[in-house]
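2 protein chains.
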Amino acid sequence: MDVVGLGYCSLDYLGIVPGRPEFDVETMSLSDFAKSGGGPVSTALVALARLGARTGYIGVLGEDEGGAFLREEFEREGVDLGRLRVQAGARSQICMVLVEAGTGRRSILCYRAAGELVLDEADRTYISSARYLHLDGHHMSAAITAARWARADGVKVSFDANRPRPRLDELLPLVDVLIASERFPPAYTGQRDQVRAGRSLLELGPETVVITLGAEGCLCLWGDQVIPVPAFQVDVVDTTGAGDAFHGAFLYGLLQGWELKRTAIFANAVAAINCTRLGGRAGLPTLAEVEAFLSEPGLDKS
Amino acid sequence: MDVVGLGYCSLDYLGIVPGRPEFDVETMSLSDFAKSGGGPVSTALVALARLGARTGYIGVLGEDEGGAFLREEFEREGVDLGRLRVQAGARSQICMVLVEAGTGRRSILCYRAAGELVLDEADRTYISSARYLHLDGHHMSAAITAARWARADGVKVSFDANRPRPRLDELLPLVDVLIASERFPPAYTGQRDQVRAGRSLLELGPETVVITLGAEGCLCLWGDQVIPVPAFQVDVVDTTGAGDAFHGAFLYGLLQGWELKRTAIFANAVAAINCTRLGGRAGLPTLAEVEAFLSEPGLDKS
Numbered sequence: 002m003d004v005v006g007l008g009y010c011s012l013d014y015l016g017i018v019p020g021r022p023e024f025d026v027e028t029m030s031l032s033d034f035a036k037s038g039g040g041p042v043s044t045a046l047v048a049l050a051r052l053g054a055r056t057g058y059i060g061v062l063g064e065d066e067g068g069a070f071l072r073e074e075f076e077r078e079g080v081d082l083g084r085l086r087v088q089a090g091a092r093s094q095i096c097m098v099l100v101e102a103g104t105g106r107r108s109i110l111c112y113r114a115a116g117e118l119v120l121d122e123a124d125r126t127y128i129s130s131a132r133y134l135h136l137d138g139h140h141m142s143a144a145i146t147a148a149r150w151a152r153a154d155g156v157k158v159s160f161d162a163n164r165p166r167p168r169l170d171e172l173l174p175l176v177d178v179l180i181a182s183e184r185f186p187p188a189y190t191g192q193r194d195q196v197r198a199g200r201s202l203l204e205l206g207p208e209t210v211v212i213t214l215g216a217e218g219c220l221c222l223w224g225d226q227v228i229p230v231p232a233f234q235v236d237v238v239d240t241t242g243a244g245d246a247f248h249g250a251f252l253y254g255l256l257q258g259w260e261l262k263r264t265a266i267f268a269n270a271v272a273a274i275n276c277t278r279l280g281g282r283a284g285l286p287t288l289a290e291v292e293a294f295l296s297e298p299g300l301d302k303s
Numbered sequence: 002m003d004v005v006g007l008g009y010c011s012l013d014y015l016g017i018v019p020g021r022p023e024f025d026v027e028t029m030s031l032s033d034f035a036k037s038g039g040g041p042v043s044t045a046l047v048a049l050a051r052l053g054a055r056t057g058y059i060g061v062l063g064e065d066e067g068g069a070f071l072r073e074e075f076e077r078e079g080v081d082l083g084r085l086r087v088q089a090g091a092r093s094q095i096c097m098v099l100v101e102a103g104t105g106r107r108s109i110l111c112y113r114a115a116g117e118l119v120l121d122e123a124d125r126t127y128i129s130s131a132r133y134l135h136l137d138g139h140h141m142s143a144a145i146t147a148a149r150w151a152r153a154d155g156v157k158v159s160f161d162a163n164r165p166r167p168r169l170d171e172l173l174p175l176v177d178v179l180i181a182s183e184r185f186p187p188a189y190t191g192q193r194d195q196v197r198a199g200r201s202l203l204e205l206g207p208e209t210v211v212i213t214l215g216a217e218g219c220l221c222l223w224g225d226q227v228i229p230v231p232a233f234q235v236d237v238v239d240t241t242g243a244g245d246a247f248h249g250a251f252l253y254g255l256l257q258g259w260e261l262k263r264t265a266i267f268a269n270a271v272a273a274i275n276c277t278r279l280g281g282r283a284g285l286p287t288l289a290e291v292e293a294f295l296s297e298p299g300l301d302k303s
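Order-wise, the sequence lines are chains A and B.
Throughout the first sequence, residue numbering follows our numbering, covering 2 to 303 in sequence.
Throughout the second sequence, residue numbering follows our numbering, covering 2 to 303 in sequence.
Hints may be right or wrong, so weigh each one.
[As the list claims (entries may be wrong)] Derived coverage of chain B by chain A (criterion: at least 3 residues anywhere in the stretch with Cβ under 8 angstroms from a Cβ of chain A; other residues may be distant):
{"no.": "1", "region": "10-21"}
{"no.": "2", "region": "99-107"}
[To be verified] The calculated label-pair distances, taken between Cβ atoms and stated as ranges, are:
{"no.": "3", "chain 1": "A", "residue 1": "ARG193", "chain 2": "B", "residue 2": "ARG193", "range": "55 to 61 angstroms"}
{"no.": "4", "chain 1": "A", "residue 1": "GLY206", "chain 2": "B", "residue 2": "SER30", "range": "29 to 35 angstroms"}
{"no.": "5", "chain 1": "B", "residue 1": "ARG21", "chain 2": "A", "residue 2": "VAL196", "range": "35 to 41 angstroms"}
{"no.": "6", "chain 1": "B", "residue 1": "GLU66", "chain 2": "A", "residue 2": "ALA123", "range": "31 to 37 angstroms"}
[What the hints assert, rightly or not] Below, in silico cross-link-like pairs of lysine to any residue (SDA-like), each with a Cα-Cα straight-line distance of 20 angstroms or less:
{"no.": "7", "chain 1": "A", "residue 1": "LYS36", "chain 2": "A", "residue 2": "LEU203"}
{"no.": "8", "chain 1": "A", "residue 1": "LYS36", "chain 2": "B", "residue 2": "ASP33"}
{"no.": "9", "chain 1": "B", "residue 1": "LYS36", "chain 2": "A", "residue 2": "ALA91"}
{"no.": "10", "chain 1": "B", "residue 1": "LYS36", "chain 2": "B", "residue 2": "ARG106"}
{"no.": "11", "chain 1": "B", "residue 1": "LYS36", "chain 2": "A", "residue 2": "LEU203"}
{"no.": "12", "chain 1": "A", "residue 1": "LYS36", "chain 2": "B", "residue 2": "ALA91"}
{"no.": "13", "chain 1": "B", "residue 1": "LYS36", "chain 2": "A", "residue 2": "ALA69"}
{"no.": "14", "chain 1": "B", "residue 1": "LYS36", "chain 2": "A", "residue 2": "SER30"}
{"no.": "15", "chain 1": "B", "residue 1": "LYS36", "chain 2": "A", "residue 2": "PHE70"}
{"no.": "16", "chain 1": "B", "residue 1": "LYS36", "chain 2": "B", "residue 2": "ARG278"}
{"no.": "17", "chain 1": "A", "residue 1": "LYS36", "chain 2": "A", "residue 2": "ASP65"}
{"no.": "18", "chain 1": "A", "residue 1": "LYS36", "chain 2": "B", "residue 2": "THR28"}
{"no.": "19", "chain 1": "A", "residue 1": "LYS36", "chain 2": "B", "residue 2": "LYS262"}
{"no.": "20", "chain 1": "B", "residue 1": "LYS36", "chain 2": "B", "residue 2": "ALA123"}
{"no.": "21", "chain 1": "B", "residue 1": "LYS36", "chain 2": "A", "residue 2": "ARG92"}
{"no.": "22", "chain 1": "B", "residue 1": "LYS262", "chain 2": "B", "residue 2": "ASP225"}
{"no.": "23", "chain 1": "B", "residue 1": "LYS36", "chain 2": "B", "residue 2": "GLU73"}
{"no.": "24", "chain 1": "B", "residue 1": "LYS262", "chain 2": "B", "residue 2": "LEU214"}
{"no.": "25", "chain 1": "B", "residue 1": "LYS36", "chain 2": "A", "residue 2": "GLY90"}
{"no.": "26", "chain 1": "B", "residue 1": "LYS36", "chain 2": "A", "residue 2": "CYS111"}
{"no.": "27", "chain 1": "B", "residue 1": "LYS36", "chain 2": "A", "residue 2": "ASP33"}
{"no.": "28", "chain 1": "A", "residue 1": "LYS36", "chain 2": "B", "residue 2": "ARG113"}
{"no.": "29", "chain 1": "A", "residue 1": "LYS157", "chain 2": "A", "residue 2": "LEU203"}
{"no.": "30", "chain 1": "A", "residue 1": "LYS36", "chain 2": "B", "residue 2": "CYS111"}
None of these hints come from the bench; they were simulated from the model.
Ideal Cβ positions, reconstructed from N, Cα and C, are used throughout, including at glycine.
Let the sequences and hints guide you as you build the complete structure.
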């Protein structure tokens with residue numbers, strides 16, 4: 002196994018709206034609609050699988066139509082489900098995602114199902130078989146346990162830091178690769194400057210800190226190095242899953258032993274390609290598609 | 002066949018939101034989520050079928066997962082699909098319905114698929130076999146043709162008038178029972194007073210005009226009679242489908258030969274019961290459930 006992921010998985014219903022919805026007015030038209038699996042860790046795993054990596058998912062799905070859809074999507078993509086829990090009688094997580102036409106701004110509305118995750122020895126064996134354990138802060142107790150096992154068993158830990166949440170002070174020292182969304186470093190460290198905030202995060206334990214900056218690309222910090230890598234310009238339809246796609250692709254680069262900058266360019270490319278389709282996973286490219294994208298004449302890859 | 006319906010059918014995804022969605026803020030929580038068939042004519046047919054009437058649907062669905070869900074729901078409810086069109090390669094109509102917790106105010110966002118309906122002789126035979134033809138203004142050309150056939154063949158025509166739309170001046174003279182939403186009579190006739198507006202509608206041809214007034218109940222006009230019938234008080238979860246349920250139940254009463262007031266009380270009861278569940282069809286009652294509801298002690302049925 003290359004990457005085992007433990008975290009969130011939801012069924013997303015996405016619609017493109019002309020503007021902010023109002024109550025009790027005429028019906029508003031959706032110019033497009035899509036149904037897709039979503040969730041940070043699970044979408045990163047699908048991104049990795051589509052690139053050719055061997056992946057497995059630890060998480061909880063409901064015993065409903067949504068759970069069945071999500072399982073089928075994982076299986077079709079080749080993500081191993083040997084440690085998936087299907088909670089009897091429970092509903093799966095569901096999100097409605099409204100994407101504003103033109104601006105790409107999003108409104109995300111989620112129905113949260115319970116689904117507690119309790120790990121056992123079989124999960125430890127599963128995680129130990131991987132080179133990376135990827136986490137997103139969902140199921141935090143289980144995530145901390147899994148990260149401790151990973152460290153003890155020589156498995157690298159990567160973490161998608163989307164927002165401050167309880168018990169991060171326990172988790173972050175166990176993380177090797179911290180990939181944070183733009184808002185996380187300032188919010189968590191209290192430092193407004195991303196480079197300073199990133200350096201504060203490095204001091205907490207991670208060997209590598211990457212800060213994703215949306216249309217600006219990303220910033221990689223490793224030791225004393227600070228490497229900004231600009232994003233690719235594409236016609237954005239929907240940014241849902243762009244971060245998740247980036248995380249999966251970044252791990253793919255690390256698995257190949259690529260240097261940080263090459264890895265970040267590759268991850269930026271995968272995220273950009275994913276933004277050209279509606280839904281978190283519809284636009285995830287194969288390795289050949291990323292290579293074709295990166296070899297387009299005139300594309301600035303500096 | 003008791004009622005053949007020709008009109009709109011959509012797949013609804015409904016979520017209960019705490020307030021009006023905003024863009025680019027934290028994820029909002031849905032306190033409940035449901036998936037349901039929707040659409041005025043099609044939901045009225047399901048309401049009728051659940052009450053025990055023999056119904057059939059003429060309309061167009063896509064050849065997709067949504068279309069399959071809608072067909073299965075119709076079949077489970079016993080609505081005949083002998084004249085249903087499934088459009089090869091097309092997508093079905095989909096709506097996202099956001100219901101505000103507490104107020105019940107709704108924001109309806111719809112993805113409209115094409116799906117033109119062209120009638121043929123087999124449809125005429127199908128319609129002629131029914132006692133009522135129910136329309137909602139969708140597929141207007143086909144609806145006018147169907148209404149002409151119905152009149153010629155001694156089939157009564159009922160029409161769910163939700164909002165002014167093109168070619169109503171051709172359709173309304175062919176209608177026997179016009180059931181209008183609150184906003185329709187003033188908007189169409191230019192008369193603000195509902196009784197006056199209702200009388201103007203009667204002059205256009207319909208034998209009976211019913212105006213639904215939400216929590217206020219309904220107003221029935223027939224000849225010189227004006228009969229207001231108050232609504233039942235229930236704990237409303239979601240008003241989606243309340244009007245459609247009313248139409249189906251009203252037709253059920255007419256099929257039984259009940260007088261107007263009894264029919265309206267029955268229809269108010271079915272609409273009220275349907276408001277206690279999320280989604281247009283989940284709360285539709287059986288005949289026994291309506292009878293139990295109407296025999297509850299203390300319920301004002303005056």
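Query - List of violated hint numbers, smallest to largest - result: 7, 11, 19, 20
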